[in-house]
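Residues per chain are reported as follows:
Protein chains: 2
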Amino acid sequence: MQDHKFSDIEIAAVYRAIEERRDMRHFLPLPVAPEILTKILQAAHHAPSVGLMQPWRFIRISDLNMRKSIHKLVDEERIKTAHAIGEYENTARMAEFSRLKVEGILDCGELFVVALCDKREQHIFGRRTLPEMDLASVSCAIQNMWLAARAEGLGMGWVSIFDPIELAKLLNMPNDAKPIAVLCLGHVSSFYKEPMLVETGWAIEKPLSEMVMENTWQKL
Amino acid sequence: MQDHKFSDIEIAAVYRAIEERRDMRHFLPLPVAPEILTKILQAAHHAPSVGLMQPWRFIRISDLNMRKSIHKLVDEERIKTAHAIGEYENTARMAEFSRLKVEGILDCGELFVVALCDKREQHIFGRRTLPEMDLASVSCAIQNMWLAARAEGLGMGWVSIFDPIELAKLLNMPNDAKPIAVLCLGHVSSFYKEPMLVETGWAIEKPLSEMVMENTWQKL
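Listed in order, the protein sequences are those of chains A and B.
For the first sequence, the residue numbers in my numbering are -8 to 211.
For the second sequence, the residue numbers in my numbering are -8 to 211.
Worth double-checking, as some hints may not be accurate.
One copy or two, it doesn't matter: identical chains are merged, so the pair holds either way.
Claimed, not checked - Using 25 Å as the maximum straight-line C-alpha spacing, the simulated SDA-like pairs for lysine to any residue come out as follows:
{"hint": "1", "residue 1": "Lys160", "residue 2": "Asn206"}
{"hint": "2", "residue 1": "Lys(-4)", "residue 2": "Glu11"}
{"hint": "3", "residue 1": "Lys71", "residue 2": "Arg111"}
{"hint": "4", "residue 1": "Lys(-4)", "residue 2": "Pro22"}
{"hint": "5", "residue 1": "Lys92", "residue 2": "Gln(-7)"}
{"hint": "6", "residue 1": "Lys(-4)", "residue 2": "Trp208"}
{"hint": "7", "residue 1": "Lys210", "residue 2": "Ile70"}
{"hint": "8", "residue 1": "Lys63", "residue 2": "Ser53"}
{"hint": "9", "residue 1": "Lys63", "residue 2": "Glu123"}
Hints in this document: simulated from the structure, not taken from any laboratory.
Whole structure, please, built from the sequences with the hints as guidance.
Structure, rendered in structure tokens:
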């Protein structure tokens, strides 16, 4: 049998990117080199997609006023989310959420909105019973970007705190396209050692052993 | 500014995994070493998740009869998908789909069903307006598995051709959990040079340039 394994140093590098990638919200206001940006977008574009539909669309936000408008939309939803957490949990938890930094939109070197493309209903392969596989494909593309960025020494954060209808309107999207991510990308002074939501005490990570079952669903 | 970049050989390894990863359907019936399997699952578990909810659950299918039952479910949906493609497109396209190998469930060394966990409505952070971010998180986890597997010389295929309600029943899942992937993982004789759907002529890949816009939606 032919061995398709990477070399030990290559294998270690792939695991290192996976382990050291963080969802970043703190950025340095420095530009990203265009050739690195292209490599990261190309990495996204190498993602798998259901039936090869390639449903990802990337809108680069280079206009400062548009960046500010997106920040405003996110901040409006941040306040609504805080209230929803207050109602579902309690006011202490709402206050805790309100103290968290949830995005770095105004600071990051590059800002992208990622969307599901229009005319997705044409794609039936792998989606007849699970139409949401388009989102799965775009998510794989974003994970590729995250890992490529980490290897390049850049941080990235996926913000999903926005009203997708309002953001679609702002960017003049067709009715059947849908924004699913505001991506902050750029230089950082340091990467969080643990996920920021663990470092801040917002959440506790559960171990892998609570996620794996055998042959049937088990209450773990 | 501190440089957080990986070394050149490490950066190249991350891009190599991203570029050489393939959605595999052809497997060799050989076992996967348990310690490698654990590393790949741990890679999945290192994925980002919205509000740190860690919504991924992995059901390892070690029972041969269960594997056969899952294969049967997938094959039933494969036929329904073929008919749907026939109706939406034409009978030639239906025949073309029917000739494609869409899964390697009975051959692969390891089979997993991946599901969204139950009780997800408790998690509001990043999901008030986009509840589907749970699927986005699990997809990032699966992309991590795919890349780790490729580095380890193993192939993986994501099958989404099944009725999620039937598969949930088969695996005795709670009503609010949902299977979103049947993952075939294992040794392969070779990796496709291009995505299999390109090699077989099912689909043509579009270039990155058709996916990137600036500041507003553009018809590309």
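**OP:** State whether the alpha carbon distance between lysine 160 and asparagine 206 is at most 25 Å within one copy, between copies, both, or neither.
**Re:** between (45 Å within a copy, 12 Å between copies)
Original post:
Taking 25 Å as the upper bound on the Cα-Cα distance, should lysine 71 and arginine 111 be classified as within, between, both, or neither?
Top reply: between (30 Å within a copy, 19 Å between copies)
Subject >> Alpha-carbon proximity between lysine 63 and serine 53, which holds within one copy, between copies, both or neither at 25 Å >> reply: Close inside one copy (16 Å), not across copies (50 Å); limit 25 Å.
Original post:
Taking 25 Å as the upper bound on the Cα-Cα distance, should lysine -4 and tryptophan 208 be classified as within, between, both, or neither?
Top reply: Neither. Shortest intra-copy (33 Å) and inter-copy (41 Å) distances fail the 25 Å Cα cut-off.
Original post:
For lysine -4 vs proline 22, is the C-alpha pair at or below 25 Å within one copy, between two copies, both, or neither?
Top reply: between (36 Å within a copy, 15 Å between copies)
Original post:
Taking 25 Å as the upper bound on the Cα-Cα distance, should lysine 210 and isoleucine 70 be classified as within, between, both, or neither?
Top reply: neither (35 Å within a copy, 34 Å between copies)
Subject >> Within, between, both or neither: lysine 63, glutamate 123 at alpha-carbon 25 Å >> reply: Answer is between; shortest inter-copy Cα gap is 22 Å, intra-copy 28 Å.
Subject >> Identical-chain pair category, lysine -4 with glutamate 11, by Cα at 25 Å >> reply: both (22 Å within a copy, 11 Å between copies)
Subject >> Alpha-carbon proximity context of lysine 92 and glutamine -7, limit 25 Å >> reply: between (49 Å within a copy, 23 Å between copies)
In summary, the structure is inconsistent with hints 6, 7 from the numbered list given earlier, while agreeing with the others.
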